[in-house]
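Asks: Residue-level listing of the chains:
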Amino acid sequence: MSFLELDRVGKQFGPQTVVDDFSLAVGKGEFISFLGPSGCGKTTTLQMIAGFLDPSRGAIRLEGRDLTAVPPAQRGLGIVFQSYALFPHMTAAENVAFGLEMRRVPRAERGERVRAALAMVGLAGYEDRFPRRMSGGQQQRVALARALVIRPNVLLLDEPLSNLDAKLREDMQIELRQIQRNLGTTTVLVTHDQNEAMSLSDRIVVMSQGRIEQIGTPQETYERPASAFVSQFLGKTNDFTATIDRAAAPARLVAGSWSAPAPVGLAAPVTVSIRPERIGFGDVGLAAKIVTRIFQGNHWLFQCESECGSFIVIRQNDGQRQPAEGEAVRLAWRAEDMSLRGAGGAA
Amino acid sequence: MSAGIDTAQANVTATADARDVRAAWALTAPALMLFIGVLVIPLAMTVMLSFHDWGQYKGIEPVFILKNWREIATDPYYAEMFWRTFRIALLTTLITALFGAPEAYILNRMSPRWKSLFLLVILGPLLISVVARTLGWALLFGGNNGLVNKLLMSLGLIGSPLRFMFTETGMVVALAHVMMPFMVLSVWAALQRVDPQIENAALSLGAGPLTIIRRIIMPQIMPGVLSGAIIVFSLSASAFATPAIIGGRRLKVAATLAYDEFLNTLNWPLGAAVAILLLVALVLIVVGSNGLIERRYAEMFR
Chain A
272 MSFLELDRVG KQFGPQTVVD DFSLAVGKGE FISFLGPSGC GKTTTLQMIA
322 GFLDPSRGAI RLEGRDLTAV PPAQRGLGIV FQSYALFPHM TAAENVAFGL
372 EMRRVPRAER GERVRAALAM VGLAGYEDRF PRRMSGGQQQ RVALARALVI
422 RPNVLLLDEP LSNLDAKLRE DMQIELRQIQ RNLGTTTVLV THDQNEAMSL
472 SDRIVVMSQG RIEQIGTPQE TYERPASAFV SQFLGKTNDF TATIDRAAAP
522 ARLVAGSWSA PAPVGLAAPV TVSIRPERIG FGDVGLAAKI VTRIFQGNHW
572 LFQCESECGS FIVIRQNDGQ RQPAEGEAVR LAWRAEDMSL RGAGGAA
Chain B
102 MSAGIDTAQA NVTATADARD VRAAWALTAP ALMLFIGVLV IPLAMTVMLS
152 FHDWGQYKGI EPVFILKNWR EIATDPYYAE MFWRTFRIAL LTTLITALFG
202 APEAYILNRM SPRWKSLFLL VILGPLLISV VARTLGWALL FGGNNGLVNK
252 LLMSLGLIGS PLRFMFTETG MVVALAHVMM PFMVLSVWAA LQRVDPQIEN
302 AALSLGAGPL TIIRRIIMPQ IMPGVLSGAI IVFSLSASAF ATPAIIGGRR
352 LKVAATLAYD EFLNTLNWPL GAAVAILLLV ALVLIVVGSN GLIERRYAEM
402 FR
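Going down the list, the protein sequences come from chains A and B.
Start counting the first sequence at 272; every next residue gets the next number (our numbering).
Start counting the second sequence at 102; every next residue gets the next number (our numbering).
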């Protein structure tokens with residue numbers, strides 16, 4: 272049985288549908304990310320789980336129990352906010368202790384658990400600091416400790432890392448994942464950062480305009496995107512349209528002078544998408560010309576122009592000679608690296 | 102050699118600094134002259150005036166005596182009058198804090214459209230003439246037939262009608278009304294700095310609405326309440342128009358007494374002494390409480 276379940280949840284603000292028909296089953300201990308651009312309804316969904324907003328339709332269940340009627344203070348969820356929302360008039364220890372105080376945990380046990388929680392996030396010795404005298408990363412850790420110390424059923428993270436600089440964000444991602452694995456707390460993360468979603472989650476829910484585009488593991492969503500939106504949003508991709516030539520036997524996919532064997536049961540026209548890192552320069556394949564070449568340390572980024580439109584190609588900086596700008600090349604890829612979407616949807 | 106260059110550089114820097122300082126003085130001079138001309142000199146003259154002598158027939162004599170100060174210190178009339186002034190200011194401050202802080206909190210949670218309308222309502226007292234405003238209150242109390250008195254008596258809260266004119270109650274009510282905007286705006290400014298998610302954070306940790314107000318919101322808006330209190334207290338203690346209309350010459354406060362000494366008794370030195378004493382007392386109270394507040398909330402302002 273699923274631990275946290277959202278059943279056809281919808282949210283309406285006046286005439287505007289912000290979240291529509293959102294169904295998801297989260298297993299115990301799972302790390303789920305809601306990923307999408309701003310305004311896609313991911314934060315609204317999180318707020319409905321937290322109880323700050325009431326769903327207009329549908330039900331939210333935790334261990335089979337309907338949460339809709341439970342006030343947010345009694346849901347027992349831990350939340351880390353984008354702004355951290357620490358209590359500025361309390362020290363780090365007092366901030367962390369607040370949830371335990373509300374639960375009437377005895378003073379001695381409270382002190383013990385606060386110390387343990389702060390030590391867990393690497394802030395031992397910072398008990399008496401006020402939030403305003405801590406760095407963004409430290410405040411973030413206090414917020415995490417405050418959410419985890421109450422041993423929540425579910426941990427909700429609302430863009431928790433977006434206010435940190437790039438290096439710190441990477442460190443925190445690793446740390447967050449370790450802490451979550453150790454505690455086994457079911458976690459829902461809201462983010463617009465695809466790298467964050469991919470590196471942290473067991474499964475990703477890709478959202479757009481209030482609807483679920485795809486639910487899947489990071490690899491699934493990256494390598495077999497269910498829609499054009501998912502393939503564009505998760506990493507870079509090259510899309511072009513191909514037709515199916517049924518005169519040939521077996522049928523072939525055709526786009527200009529390029530062609531490939533067509534899988535059966537696909538309606539034309541077909542959108543072909545290939546990830547830039549799966550394209551190689553070879554002797555056969557789609558004819559193209561290098562327009563720009565950008566060096567990025569561990570890899571090269573090529574912008575190519577072909578008869579099927581422009582392509583981005585990423586090559587590892589493996590010491591091999593790379594084509595120069597203006598050079599004519601042929602773009603080649605393996606058939607299994609293509610993902611094909613017919614007019615009827617995914618394939 | 103290099104030492105010589107260093108010295109030369111130091112000299113250049115020093116000249117530049119000196120030029121900067123001169124420029125700063127030159128630029129601030131006009132404002133400084135105005136400040137000295139219209140504030141410092143008259144104030145110094147008032148202080149000097151308070152040490153002059155005065156007689157019914159001889160008028161003001163420019164001598165240095167402590168007669169006025171001794172009179173204020175020994176005559177219980179002045180002590181009573183100063184106590185009344187500060188009692189009224191303190192009560193006014195308490196009432197504005199009691200009503201103004203929740204008012205600001207509610208205002209802050211309103212939708213933008215209602216917020217601007219009610220902000221105007223709150224600023225209302227400042228837009229109405231002091232005479233009309235005070236007369237309005239007088240009519241509301243107005244002996245047995247006034248609306249407020251009728252209501253309070255029918256609720257059984259009071260046995261006999263509250264008197265408004267020539268009473269401290271009247272002054273406190275009228276002052277609290279006009280001072281309310283200062284308190285509301287001051288608390289409102291403090292509320293703007295409160296993280297909008299902080300109530301949700303407390304809620305998610307299991308706090309009820311009352312606990313959130315008491316443990317989370319109140320401590321954060323306290324600096325706003327206290328700075329509002331300083332404004333309201335100093336404005337109320339030195340208020341002239343409202344006490345003059347309600348108290349008249351029967352119930353005097355420091356400001357109306359000084360006015361009377363200047364314009365009716367014509368005892369300018371005594372009026373000057375009262376005015377200076379009020380000023381000094383207010384400055385001490387404001388600076389003292391401000392220091393206390395800054396020390397208490399140092400962690401939050403840093």
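Wrong hints could be hidden among the right ones.
Using C-beta positions, here's what the derived DEER-type ranges look like [said to hold, decoys possible]:
| hint | chain 1 | residue 1 | chain 2 | residue 2 | range |
| --- | --- | --- | --- | --- | --- |
| 1 | B | Leu-218 | A | Phe-323 | 33 to 41 Å |
| 2 | A | Arg-495 | B | Met-211 | 45 to 53 Å |
| 3 | B | Pro-213 | A | Phe-323 | 15 to 23 Å |
The set of hints was computed from the structure by calculation and includes no laboratory data.
Glycine residues also receive a C-beta, built at the ideal position from the N, C-alpha and C atoms.
Asks: Take the hints in turn and mark each one as holding or not.
Replies: Hints, verified against the model:
Between Leu-218 of chain B and Phe-323 of chain A the C-beta distance comes to about 27 Å, which lies outside the given range of 33 to 41 Å. Between Arg-495 of chain A and Met-211 of chain B the beta carbons are some 49 Å apart, a value that agrees with the proposed interval 45 to 53 Å. Separated by about 20 Å at the C-beta atoms, Pro-213 of chain B and Phe-323 of chain A satisfy the suggested range of 15 to 23 Å.
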